[in-house]
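Under numbering that gives the first Met the number 0, the first residue of the sequence shown carries the number 0, and numbering increases by one thereafter.
For the record, the hints were derived by calculation from the structure and aren't laboratory data.
Source: prediction; values computed, not measured.
Beta carbons are placed, not taken as given, at the ideal position from N, Cα and C, and that holds for glycine.
You can take every hint at face value.
The list that follows gives simulated cross-link-like pairs (lysine to any residue, SDA-like), each with its CA atoms no further than 20 Å apart: (1) K101 - L26; (2) K84 - T58; (3) K84 - R68; (4) K84 - E6; (5) K101 - P123; (6) K84 - E17; (7) K101 - V91; (8) K101 - P90; (9) K84 - T36; (10) K84 - L16; (11) K84 - S62.
So the derived label-pair ranges between C-beta atoms look like this: (12) D39 - K101: 31 to 39 Å; (13) R163 - F5: 20 to 28 Å; (14) Y70 - F150: 45 to 53 Å; (15) T113 - D156: 39 to 47 Å.
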Amino acid sequence: MRRTSFEAMGCPIAGALEYVGDWWTLLIVRDALDGFTRFDEFERNLGIAPNMLTRRLRTLVESGLLERRRYSQSPPRYEYVITGKGRDLFPVLVALYAWGRKHTGSDAPSVVLTDRDTGEEIMPCLVDQHSGRPLSAVDLAFLAGPGADGFMRERLDPELRAARRRRGTN
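Could you build the full structure based on these sequences and the hints that come with them?
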């Protein structure tokens, strides 16, 4: 089944989904960030069918999130190593972790995020890189950038967005 491409939407979120829109992608990247590199490790951790894992790994290599490296000549065997582009997904995974803890977790979670040095649990939040101020949907606005087309400019028009948000609160 052919999937829809979001490439023409002109939105960075839609563009990111071109790379990570499949749920297996973030789980494979999660494991790669944790140091897993071998096909059998991914297969065991994820419980994914080998043919599906093969397709997903190929896509991740083609998109530059993983690098395929030969580690055995006879028989030929490959490992899948996270790239810089793949490592840049770490904050996305941490944000998903925080959302999952808040909305799908339990009082006794099976995974906790901790400070590597102190062992203290970390409760992540998004902050502005320049000011260090915590971010929230109330304080933020996506605005049309210099490359936005007419559709995107209308979609992100501040007055139209305010009217839509007022509609949602009634």
